[in-house]
Amino acid sequence: MGSLTRYLCRRLLAAVPLLVGATLIAFLLGVAAPGDPAREALGMSGVREPTEQELQAMREQLGLHRPLAVQYGLWLIKAAQGDLGVSYITKEPVAKELLRRLPHTLALAIGAVLIAAMTGIPLGIWMAARRNRWEDHLGRTVALLLVSVPGFWLAILFILLFSETWGLLPTSGFGGWRELLMPSAVLASGTGAVLMRLSRAAMLEVMNQNYMLTAKAKGLGELGVLIGHGLKNMLIPVVTVLGSSFGGIVGGAVIVEVIFAIPGIGRYAVEAIYRRDYPVIQGYVLFTSIVYVLFNLLVDLVYTWVQPQIRLGGAVR
Amino acid sequence: MNRTSLLDAFRSPMAAAALSFLAVVAAISAFAPLLAPCDPEAVDMGNRLAPFSLSHPLGTDHLGRDVLSRLLHGGRHTLLLALAASAATMAIGLALGIVSGYFGGFADDAIQWFVQLFQGLPGLSFMLAIAGTLGPGAASLFIAVVITSWADFSRIVRGETLKLREEHYVEAVRAMGSGHGRIMLRHLMPNLLGPIVVLFTVRIGRTMLAIASLSFLGLGLQPPLPDWGVMVSDARTYFRSYPHLMILPGMCIAAVSLAINLLGDALRDGWDARTERNGEEWR
Amino acid sequence: MSGTKPLLEIRNLHIRFRQRAGGEPLTVVDGVSLSVSGRETFGLIGESGSGKSVLGMSILRLLPGSAVVEGTILYDGDDLMQLPKKRLRRLRGGSIGLVPQNPATSLNPVLRIGRQVIEPLRLHRRLSRQQAAAQLLELLERLGLPEPERTSRQYPWQLSGGMKQRVLTAIGIAGRPRLLIADEPTKGLDAIVRKQVVDLLANAARESGAAMLVITHDLQVAAKLCDRVGVIYAGQLVEAGPAAELFARPLHPYTAALLAAAPNKELKPIPGLSPAPGLRPQGCAFHPRCPHAMDRCRRERPVSAAGEQAPGREVRCWLYE
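Residue numbers (this note's numbering), protein chains in the order written: chain F, 1 to 317; chain H, 1 to 283; chain Z, 1 to 321.
In short, the hints are calculated from the structure, not lab data. In this text, all values refer to a predicted model and were calculated from it rather than measured experimentally. Heads up, the beta-carbon is just placed ideally off N, CA and C, and yes, glycines get one too. Treat the hints loosely; a few may be bogus.
[Said to hold, decoys possible] Partial list, derived from the structure: chain Z residues whose beta carbon lies under 7 Å from chain F:
no., residue
1, Lys5
2, Arg87
3, Thr105
4, Asn108
[Stated by the list, open to error] Straight-line C-alpha distance at most 27 Å; calculated DSS-like pairs for lysine-lysine:
no., chain 1, residue 1, chain 2, residue 2
5, Z, Lys268, F, Lys232
6, Z, Lys195, Z, Lys85
7, F, Lys91, F, Lys78
8, Z, Lys195, F, Lys232
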């Protein structure tokens with residue numbers, strides 16, 4: 001157990017600079033944003049045409065005259081306490097709004113990861129098993145197409161096909177799995193294609209290994225050899241990529257949320273951009289980073305199952 | 001020797017086709033003003049959403065503008081921007097990556113620490129935030145792309161440099177008195193060419209998609225610019241009755257992206273095959 | 001020796017490998033015929049690259065797709081080359097067991113030892129889960145693995161080279177094979193462990209009454225373990241016969257040279273290099289390095305002369321025409 005906790009601690013520590021970077025960037029975005037926070041703050045308390053004096057006073061009150069580093073520190077402390085400022089438009093606390101919408105984005109993202117993994121990995125294995133035959137070529141073509149096609153276009157095609165023409169699925173809203181299916185599938189397409197190609201390559205690599213020959217010599221069938229002996233080994237590089245490709249899913253979620261009218265943090269951020277609601281953009285950046293880093297930590301955990309060396313203290317290959 | 005093996009990649013018919021296609025697209029984009037039958041920005045409210053006809057082979061959009069002309073012009077800004085942004089990314093990533101990998105030690109630690117700061121943010125979200133904060137338009141897109149992509153690029157370059165640094169010939173050249181700069185420029189860079197070309201190709205493809213996505217959201221290139229992404233965004237309201245207004249520009253983006261990816265794949269296969277074949281001997 | 005039908009009979013086996021770049025396929029096994037009777041241990045001796053491992057792997061059809069195999073391999077009367085996949089799979093790990101080369105890479109690094117050894121047990125012996133578990137521990141113990149309980153829960157990278165070899169042997173004999181193929185069982189092991197492995201295999205064969213095909217480059221191992229021995233050079237069987245006799249009175253010049261080159265003899269190296277597949281010389285493959293080479297050797301390939309010098313011995317050499 002000691003080895004496992006040591007590994008997890010190391011991963012947690014590695015996550016720290018990433019989060020620090022994200023907070024720094026979020027803060028700097030706030031600084032770079034046009035508009036005057038002092039004016040906004042005064043506007044919110046009802047003062048429409050503030051005088052120069054009032055602006056100065058407000059600036060001092062908000063600490064805008066302090067050096068940037070100090071401002072960052074203060075902002076960070078407030079953020080750690082859950083205070084991410086207040087929306088310029090709705091006057092609601094940003095953190096609260098984001099938290100309210102986060103579950104929708106998460107549902108979408110997790111759905112996408114599941115679809116991508118559960119189709120991409122088996123298909124990749126299948127392609128490796130049928131290397132250079134028509135199944136392989138077809139799979140590679142499909143994967144290439146999915147990776148090249150822009151998400152918003154795929155979404156439109158899906159809507160035209162499944163909603164307009166065949167009337168199978170709803171085009172928008174948020175409720176049950178029906179509403180989630182298309183958006184998740186669109187979101188999953190890019191990652192699914194990457195997983196397909198990677199799984200194929202990883203499986204081909206594994207199939208060359210001596211222990212696969214030993215497995216065959218035991219009399220196991222194709223499935224027993226590929227899945228029973230190959231799967232865990234080929235998942236090692238695949239799991240690694242899963243973490244980084246989640247970034248693409250979080251990013252792509254924005255497009256999907258907008259097209260399918262899903263009330264997640266991505267759509268919220270886009271609307272905030274249209275309305276120049278900068279505190280929301282700041283909060284969005286922070287939230288996406290946290291989600292991304294947490295997911296990667298989860299992936300690190302899964303990694304320990306796939307590579308037992310980590311759990312038990314052996315040298316990692 | 002690097003260049004000849006990269007060119008080997010074009011032996012594959014797919015890669016050759018992809019390259020030819022891209023050349024055609026580049027030519028069309030460059031000469032669009034000469035090729036287009038109409039002015040892509042000419043509004044004609046009397047002839048909105050017209051069907052296919054001889055004067056407008058692909059119909060007109062919701063402002064009466066000729067769709068074909070807009071499509072021909074559609075790639076220019078995106079492609080140019082993608083190329084410029086990718087080149088800038090490459091320059092920064094290359095410089096920092098080589099320095100980081102070659103010198104190691106403090107310089108490496110410092111640069112890597114800096115790189116880490118940028119790694120916690122998913123690409124498109126970050127670009128969205130930057131474009132959103134700085135305001136829409138080509139300039140903020142450029143900045144957004146460079147800021148979000150340089151870190152990954154430099155990491156890969158650093159990895160390759162580390163591998164190369166271990167080669168004995170670097171020690172030999174140092175022993176002969178070559179300065180660091182000379183080594184990096186004349187010995188390391190040429191050998192990095194292979195993976196860099198592959199990276200660059202892939203990067204252009206992804207950048208193009210990102211720019212198109214942001215333009216689709218209205219946060220990148222702006223109307224009335226005849227750009228594919230903008231066209232898709234414009235046509236959203238009408239897509240139920242006039243789906244082709246969205247499908248056509250989307251198809252253009254997809255086709256160019258596909259060609260770039262095919263090319264990148266072929267280059268990567270060529271590079272992998274070459275390194276497999278030669279091992280150490282070619283150095 | 002004569003009279004009983006052999007368990008394994010290989011007739012005129014040719015194995016070629018297609019090349020990625022096209023062109024002529026490379027010949028790795030060049031017309032080998034041999035037989036192994038039940039309860040007999042047959043040693044296949046040769047240097048690296050002589051084709052002996054490829055031959056061993058071909059029996060269970062475990063060669064890669066680029067291999068082209070021609071000839072007949074009869075096992076208990078069935079031609080293994082023609083057997084439908086399903087029946088072949090039942091033989092693999094069951095009636096015919098394999099102890100593969102390379103203990104370091106032949107065990108799956110992400111699966112526990114117990115899981116890997118129990119597989120053939122459950123597959124070929126119809127045991128219930130508890131019975132199999134019990135058999136597993138018994139098997140591991142019998143093969144000299146201390147603390148079988150603990151070992152079965154470990155991963156391969158936690159074991160030493162010698163222990164890994166024992167585990168591989170356990171996997172090979174788990175299905176109670178009638179024929180055990182051991183591919184280079186002592187390669188890379190130090191002298192003490194080598195002796196242990198040799199004893200291990202000898203016991204395993206004796207206790208189960210199985211026939212064994214031992215593929216090795218180590219002459220001492222062959223001398224210790226085998227009843228009969230065959231010498232392979234450049235993909236051909238150049239000499240075969242009872243082990244003791246062959247080592248005492250080698251007939252083929254290559255065999256004689258091999259014995260002379262042994263560390264415990266004169267350590268006299270054989271001049272020249274073994275031919276790579278595809279670069280085999282005309283006529284007798286050994287003639288460029290043979291001290292007795294005659295004109296005929298350069299022109300014609302010698303045919304097998306069986307039983308003339310002594311019963312049960314065969315040799316391919318123009319010296320004995």
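Going through the hints against the structure:
no. : hint                   : in the structure
1   : Lys5                   : violated, 25 Å
2   : Arg87                  : violated, 10 Å
3   : Thr105                 : holds, 4 Å
4   : Asn108                 : holds, 4 Å
5   : Z:Lys268 with F:Lys232 : violated, 49 Å
6   : Z:Lys195 with Z:Lys85  : violated, 37 Å
7   : F:Lys91 with F:Lys78   : holds, 17 Å
8   : Z:Lys195 with F:Lys232 : violated, 35 Å
Violated hints, listed in ascending order, are 1, 2, 5, 6, 8; each of the other numbered hints is respected by the structure.
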